[in-house]
Structure formats: structure tokens, C-alpha cells
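Protein chains in written order, with this note's numbering: chain A, -10 to 136; chain B, -10 to 136; chain C, -10 to 136.
No lab work stands behind these hints: they were computed from the structure. Just so you know, not all the hints are guaranteed correct.
No copy is singled out in the list; a pair is fine if it fits within one copy or between any two copies.
Below 27 Å or equal to it, Euclidean Cα-Cα: the simulated DSSO-like pairs (lysine-lysine) are [as the list claims (entries may be wrong)]:
no., residue 1, residue 2
1, K75, K13
2, K75, K33
3, K13, K33
4, K3, K13
The structure displayed is predicted, hence computed values, not measured ones.
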Amino acid sequence: MRFHYEEIGIATAKNFAIYDITEKVQSAIETSGIMNGIVILSSKHTTCAVCVNENEERLLEDIRLFFLNLAPPGSGYLHNDLHLRKNIPPDEPENAHAHIIAMMLGNSESLSVHDGMLMLGNYQSVLFIELDGPRNRYVSMMINGSI
Amino acid sequence: MRFHYEEIGIATAKNFAIYDITEKVQSAIETSGIMNGIVILSSKHTTCAVCVNENEERLLEDIRLFFLNLAPPGSGYLHNDLHLRKNIPPDEPENAHAHIIAMMLGNSESLSVHDGMLMLGNYQSVLFIELDGPRNRYVSMMINGSI
Amino acid sequence: MRFHYEEIGIATAKNFAIYDITEKVQSAIETSGIMNGIVILSSKHTTCAVCVNENEERLLEDIRLFFLNLAPPGSGYLHNDLHLRKNIPPDEPENAHAHIIAMMLGNSESLSVHDGMLMLGNYQSVLFIELDGPRNRYVSMMINGSI
């Protein structure tokens, strides 16, 4: 039985951007030597999400447009009235919409490892979604299983 | 290797309310003695959610307003035609919108435990979201790892 | 400590359909002999979701109507401009909306196993949601725990 903990770092380049981290997860499974078990992936940020879906560039743009339309950035949120909040970091952006989209997309994914392989379907990728970048971001990854 | 199962009870006070249960999770990790592993948290109810996001009071109100606007309570749902359904509990409320919001927010979260600590970022909390209260609610929590 | 991996197959019958797979999960737990641990369930497809909610037929229809209204099928997505994409399978449908709904509903669920039982509340079922059927679909299931 083995537990392998690692954080995946992603320096995001845009305000809204999607990164395929599948190879990083598979590579960590190989480093860990774990053949059968699970992988738990979770964002360490409140304006990012971890999802599993297809890495097709036109779909990724649809995702961006859909969610920014559903929860648009702007002044229509209490969280964005920065002068009314306590203990605001000096560079705090207006990002309530990013928190809301993150909650819809989800903070964590759990996947199986079988015969040393991450059990994804043909069209599936592990996607890290930046909703309030650019920033340096991290994904917690625990791989747990038998060698 | 150890498995520590516990249920977190929450007596919710309003119809829509958000509770920060981070300290209860961290305290259970300490009780379990587990140093490296995972935590699985899942709601035991169909009109509640378990999420990870920021516990900032104005943001929590934005979340309430956003989701009740997206899926408003009321009569526009088949599930709320109580006279047309079978085996209805005597106190069944009109809560179709709460089921739908629960599905968007998610029933479970998975997190890593490393060196005895729940691996959350600085602004992250584990949030239990009541969507059809007030009621007595429970979250299943399994902590699994090495001591 | 035991790891039991299995895939649940579902031949979906409609374009949008919801299947209760709770009994298949509980049955696999019994086959595995695992008494305390966790279950990780994840869809192997990018236009399906795995959720936990209530299996009530009128609610399931509300879910279908709500999400198809929120992200309607049709031509308003870049992913559906099949002539502009690379490496399209010969039978590729216009399914961008199905990807988006899948991301909102979530690809995976994690649940606890305690005393040999899947820890669900009275009204909870594990639901597999087809968003772009009919097709042959699979859910990855890893059950991990002590016997």
C-alpha cells in the first residue's frame, strides 16, 4: 500500500483558460509505482476547477463563452463591493462570477488506476480550469493504491 | 492502514444556508490519527450539496441569489405536483429547484490528507449547502490512510 | 486491504436518459467482500455524468427539461461546426450542449462504504446520466477498503 502526494503547478496565462493535465497525472502514477488504486485531484484555489472532459479547442471556447454568459463578470455581486469587505488583499480582483462558475464546474475529481493506467475513456482528459487568472496555481494530487 | 468513518451532523436554520465544516473535518483527521491519505465527504440528502469554496459572507449571499435565480422555487416543475406523485411523505415540500441546484453544486468532495493536514488552499473551506431547510442533515465522511 | 475494479455497462435507449445504478454498485461491494472503505465512480465518456440524487420519475423529467433549456442543443456552438474541426469520427453528432451539461453535473462521485453498505441517505440513488445517446456506455468503479 502506498500513498504518493504531489502538487501540480500551472502558471496560467489568461483570465479564463483551460489546461490539459492528463499527462502530468499519468506520469505521476508511473513515478509512484502504483498499479491499482485511485487518484484524488483537487484545486487549491476558489476560482479554479478540476474537470474531466474533451480537450477539443473549439469546445473549450464554447465552455468559456457559455459559463461567462451564465455568470458574467461585473458589478452585480455583493462580493465585488470591495470597499464593504474586511481584510481584502491589496490586489483583490472583482471575481465573484469566477467563484460561482468554479462551484458549478467542481473542485475535485476522483479517478481509478487499473494496471498502472488512469482509467479514462478515449475522449477524456483531466482539465484544469482557470477562471480568474493569470496566476500561479496548484492542484493537490493523492495517488493511493497497491504496487 | 486505517479507515475512520464518521457522520457530521448539521441542524440547518434556514431554507437556504451555507455552513463551513472545515474545522470538523480537520478535527476528525486528528482524531483518526491518519497522517497521509484521503477524505471522502458526501451529503446524505438529495437537496443539499458539499462544495469547497471561500467562506466570505457576501460571496455566500451571491451564491444564494445566483442559484435561486437560475433555478427558482415554485410551481414550474413536475416534481412539485405533489398530488400526481406516489408515496409522498406527509410533510413533503415543493423542492424540485433544490434537487436541481444540488446536482449542479455536487454531492461529494474528495480531498488529500498530507502530514496530518487537510490539503486546502488559503482561501478554501469545506462548505455544506442546505437548499431545502431547515432540517437535521448529515455528511458521510470516510478518512482513509496511513498513521 | 483490497482493490476491486469493475466497469458498469449501460446500453442507453434515448438521447437524454437517466439510469439508477445504485443496485449495481451495492452488488459490486458485496462481490468485493469489502466492509469498510470507499467507492469511486466515474463516467468514461465526455457527454455523460454520474450524480447522486433522487430517483423520482417526475423529478428526472424536470432535470431533463431544466438542463436542455439552460444549454440547448443546436447550432450555437463552435464545437458543432463539424466542417471546421480536425479528425472528426464519421458519426460525430452535434453535441456541444451535452459536453457542457456533463461538466455542470459532474464526471465522478465518491462515496463511503461502512459495514459493507454504500452510505447513501434514504432518498439517494446513484444516477448515470446519458446526454448524447443512445450509445453503449461504461462507468469505472474502484472499490477500495478492508475486508
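Status of the hints after comparison with the structure:
In this assembly of identical chains, the alpha carbons of K75 and K13 lie at most 27 Å apart only when taken from different copies (24 Å versus 38 Å within one copy). For the homomeric pair K75 and K33, the shortest alpha-carbon distance inside one copy (22 Å) is at most 27 Å, but the shortest distance between copies (34 Å) is not. Taking the shortest Cα distances, K13 and K33 sit within 27 Å of each other both inside one copy (17 Å) and across copies (19 Å). Taking the shortest Cα distances, K3 and K13 sit within 27 Å of each other inside one copy (21 Å), while across copies they are farther apart (36 Å).
Violation of the numbered hints given earlier is absent; every hint is satisfied by the structure.
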